[in-house]
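Each protein sequence line maps, in turn, to chains A and B. Mapping of the first sequence onto the working numbering: position 66 corresponds to residue 66, and the numbering continues sequentially without gaps. Mapping of the second sequence onto the working numbering: position 273 corresponds to residue 273, and the numbering continues sequentially without gaps.
Hints listed in this document are in silico derivations from the structure and should not be mistaken for laboratory results. You may find that some hints are simply not true.
Facing chain B, a subset of chain A residues (Cβ under 10 Å, in silico) [what the hints assert, rightly or not]:
#1 V18
#2 W42
#3 M198
Every value quoted in this text rests on a predicted model; they were computed, and no experiment measured them. Even glycine gets a Cβ: it sits at the ideal position worked out from N, Cα and C.
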Amino acid sequence: MIFNSISFIIFLIIVVLVYWRLPKTARLWLITLSSLLFYGFWKPEYTLLLIFAAVLDYFIANGIDRLEDPVKRKRLLIISLVLNLGILFYFKYLVFFKDNFETVLNSFGNNVRLLPYLKIILPIGISFYTFETISYTVDVYRKHIKPEKNFISYLSFLVFFPHLIAGPVLRASDILPQFNVKRKFEWSHIIEGFRRIMTGLFLKVVLADNISPLVDQGFAIEADKLSALDIWTLSFLFGFQIYFDFCAYSSIAIGAARMMGIRFLENFNFPYMAVSPKAFWKRWHISLSNWIKDYVYLPLTGKKVSYDQQYSISEIRNSSSFKGYAALFLTWALMGFWHGANWTFIVWGIYHAVLVTIHRGISGFTKGISKPLLNISGWCLSLPFLMLGWIPFRVTDLSTVKAYFFKIFYPSQYSWLGMRENVYVVTSLIMLFCILAYLVDKYVVPSIENTIVGQFANVIQMTFVVAMVIVFLRPISQFIYFQF
Amino acid sequence: MRRIKHPSILLNVFLPIIVAIIFLYTYQRNKRNAEEIGLGESTFIYTPYVNNYPIHINNISLADSMKRGWELNGSKLLSLWFGNSQVHGINQYKDGQQNCIQFCYDYLQPANKTILGISYPNANLQEILLSVLFFTNKFPQAKTIIVPVFYDDMREDGIRNDLKSDEMRKFFSLSPWKQFYENIPSIASLAHIDSAQKNGDMKALHETAQEASEKFLDSCLYKYWSLWTKRSAIRANIFNDLYILRNTSLGIKANTIRKMIPGRFKDNYNAFLNLVAYGKSANLHILIYIPPLRNDVTPPFNMEEYEAFKQTVEHDATLAGAKFLMLENLVPPRYWGAKPSTSMGKGQEIDFMHFQQEGHRMIGDTISKTLLNSE
Numbered sequence: 001m002i003f004n005s006i007s008f009i010i011f012l013i014i015v016v017l018v019y020w021r022l023p024k025t026a027r028l029w030l031i032t033l034s035s036l037l038f039y040g041f042w043k044p045e046y047t048l049l050l051i052f053a054a055v056l057d058y059f060i061a062n063g064i065d066r067l068e069d070p071v072k073r074k075r076l077l078i079i080s081l082v083l084n085l086g087i088l089f090y091f092k093y094l095v096f097f098k099d100n101f102e103t104v105l106n107s108f109g110n111n112v113r114l115l116p117y118l119k120i121i122l123p124i125g126i127s128f129y130t131f132e133t134i135s136y137t138v139d140v141y142r143k144h145i146k147p148e149k150n151f152i153s154y155l156s157f158l159v160f161f162p163h164l165i166a167g168p169v170l171r172a173s174d175i176l177p178q179f180n181v182k183r184k185f186e187w188s189h190i191i192e193g194f195r196r197i198m199t200g201l202f203l204k205v206v207l208a209d210n211i212s213p214l215v216d217q218g219f220a221i222e223a224d225k226l227s228a229l230d231i232w233t234l235s236f237l238f239g240f241q242i243y244f245d246f247c248a249y250s251s252i253a254i255g256a257a258r259m260m261g262i263r264f265l266e267n268f269n270f271p272y273m274a275v276s277p278k279a280f281w282k283r284w285h286i287s288l289s290n291w292i293k294d295y296v297y298l299p300l301t302g303k304k305v306s307y308d309q310q311y312s313i314s315e316i317r318n319s320s321s322f323k324g325y326a327a328l329f330l331t332w333a334l335m336g337f338w339h340g341a342n343w344t345f346i347v348w349g350i351y352h353a354v355l356v357t358i359h360r361g362i363s364g365f366t367k368g369i370s371k372p373l374l375n376i377s378g379w380c381l382s383l384p385f386l387m388l389g390w391i392p393f394r395v396t397d398l399s400t401v402k403a404y405f406f407k408i409f410y411p412s413q414y415s416w417l418g419m420r421e422n423v424y425v426v427t428s429l430i431m432l433f434c435i436l437a438y439l440v441d442k443y444v445v446p447s448i449e450n451t452i453v454g455q456f457a458n459v460i461q462m463t464f465v466v467a468m469v470i471v472f473l474r475p476i477s478q479f480i481y482f483q484f
Numbered sequence: 001m002r003r004i005k006h007p008s009i010l011l012n013v014f015l016p017i018i019v020a021i022i023f024l025y026t027y028q029r030n031k032r033n034a035e036e037i038g039l040g041e042s043t044f045i046y047t048p049y050v051n052n053y054p055i056h057i058n059n060i061s062l063a064d065s066m067k068r069g070w071e072l073n074g075s076k077l078l079s080l081w082f083g084n085s086q087v088h089g090i091n092q093y094k095d096g097q098q099n100c101i102q103f104c105y106d107y108l109q110p111a112n113k114t115i116l117g118i119s120y121p122n123a124n125l126q127e128i129l130l131s132v133l134f135f136t137n138k139f140p141q142a143k144t145i146i147v148p149v150f151y152d153d154m155r156e157d158g159i160r161n162d163l164k165s166d167e168m169r170k171f172f173s174l175s176p177w178k179q180f181y182e183n184i185p186s187i188a189s190l191a192h193i194d195s196a197q198k199n200g201d202m203k204a205l206h207e208t209a210q211e212a213s214e215k216f217l218d219s220c221l222y223k224y225w226s227l228w229t230k231r232s233a234i235r236a237n238i239f240n241d242l243y244i245l246r247n248t249s250l251g252i253k254a255n256t257i258r259k260m261i262p263g264r265f266k267d268n269y270n271a272f273l274n275l276v277a278y279g280k281s282a283n284l285h286i287l288i289y290i291p292p293l294r295n296d297v298t299p300p301f302n303m304e305e306y307e308a309f310k311q312t313v314e315h316d317a318t319l320a321g322a323k324f325l326m327l328e329n330l331v332p333p334r335y336w337g338a339k340p341s342t343s344m345g346k347g348q349e350i351d352f353m354h355f356q357q358e359g360h361r362m363i364g365d366t367i368s369k370t371l372l373n374s375e
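Put together the whole structure using the sequences plus the hints.
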């Protein structure tokens, strides 16, 4: 079921109403059954895959916990990883490897067509729930958490519908304790949830869905008919579209969970206000960045993982060594590959690794510069390059990436425009809107929060948001992150 | 400032919903239909019918009905006239007036000839090429096609949803005329668009179990909530209000010069070249004309580019064996009109595209005389 639909709104109202009338155990059953129904609204047969993932890691995690022998514990962990990643590989990456293998074979003059009838439908959310179930088993293996004894509790964590399709990537240690206490109903849950859901729907159906045609039309133009200014504009515009789209999903997920008294961690924090590439990844898809750091980057650096550390994936100080840089680039390539089975996503990942490395190099020379100046110059320098990074993310082949990137280095490509004037106007206005929203959130909201003025402003804002959602709510497009 | 300890559900949830609904009812009450917004209040969309069958359409779903009417009328020697809103829009319209297609239709009747019109607002030449290919195959008896080449429509791009119907996509996947649109990406891609990609309010749910529940709920809301039925008109009005706001804040007026967009120009001009080449290979008479333009004020074009454009069109049309008419100065200034300002305020702006009935009579007369003389 997709969030930007009337079906979801009706579904959520029914689930929330029933949820608060049930005892604790029955609530877990309700969450489980309603979540499977939610997932089954897409393709019912794929719920079995989801249940299999839950059963597998429930038993393996409990098995690991019962064993003392490190070798046997590791063996069980490896079984979990192989099965989970194997399923992910089959559904998401098999066709990619098949195609590349074919290309290599055919480059030697063969005419090979491997598995010509292979057609695989990617189960939505598989990348997200696979990561969640892997992190659970790894945490049990690392003795960071005790395994859940109640299967329904574990199943309800994994399939909990708000985060099931596109995150945030949750940790069992954050959610299971919340499931295992009986929460009392408070109106504040509903108010907060309503605000988050409406804000999310506004971002999706009013902003992202209306930017989408401009982005699609822009990227449909052949590269030779676009100027360098168009490339920059399109990268910004797609950057806004994907931000509004994904932030919307996270906001609705957080709001829906909140209505049931469950608190998710924030997934976005004004990412385009980041003053460096490193800071960007502390503000963008925060749950995935942390996951990658804890389960990929730190193990690759050879550092022992400690759960009270607050490292981010680009922050390890010993990483000036070859091993550190290798870990950084490999992590980012994997991060890109997680997003999609295409070389363009790998390029996107490596591009960010390069940005982080350059930032590290530059930051050594910035001592003595005042912080406000550093922040402003950091923002001005980082934002265009962060936005430019969306080009390989959006286009579908490397030759187009190359054509787009080359354009921006030719001065002659800055003298004309290849799109309608509206595209540039809209892009500029959204940038201004983002800056304004950030400044209001940082400087105005804290001073008026929970005051009469704040309340009044809130009613005005929500009235506008609700009115726009009523007018624009249509399931015309899925959330971009569904495809990952 | 006094702090509020417990936010109220009434104030935070119910009040915004109620006020939002009241606001939307009030907003839509004074607004126009989506169809009327594009042309402005002063111009009326007129598509004539004869014996209850259309002789001029701006929606492809009426193509079969138009064909039926032509057959019932004796399948006379046929010309097809394509174009944009200049063909179907009558400025300062009064009841009983008619447009150029109907004038031309009436003039041709005694000669046992007839004409049918197909026009879309802001139609670009890619869409015109697509329509020409489609309609000349739907009406294989058509002998002549008439196509105006509008300079400002060279800025337009893409194919409207109406022209992406299943019938159209099927035609373009099988069409033997591929060579005439292979180099036009927007048309070439039509054959590869599946139903899920077609525009529609529920395209994200295509072939999912949710599609049925969503359609049911949507139909219930349509049935029982009047505001729900007006949502598309409200959306159109919101975009129109934003357009007016943009024009006001950036000082954009009807006569503000619009720059040509190189990529779009190239695709549209390729479509034009393919169109005349197709006409030649299909043994069709082609009549290309530069449409009337108000000549007492400077148009919103770069005049140097516009002059070069006209010469190129004439050269390429003639080279391909098409008949070329320069109708730029055909309609005198008094037959043109104004439209409500597209900026805030109550003023009027010059309408460079649509003229009054007399203008339609003049162009209908010119085209019909050309058709009568050419065969």
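Original post:
Given W42(A) was flagged as interface, is its beta-carbon under 10 Å from a beta-carbon of chain B?
Top reply: With a minimum Cβ separation of about 5 Å from chain B (threshold 10 Å), the hint on W42(A) holds.
Original post:
Does the nearest C-beta of chain B fall within a distance shorter than 10 Å of the C-beta of V18(A)?
Top reply: It is violated, given that the least Cβ distance between V18(A) and chain B is near 18 Å, above 10 Å.
Original post:
Is the hint on M198(A) kept, meaning its closest Cβ partner in chain B is under 10 Å away?
Top reply: Status holds, d = 8 Å.
The structure shown violates just one earlier hint, number 1.
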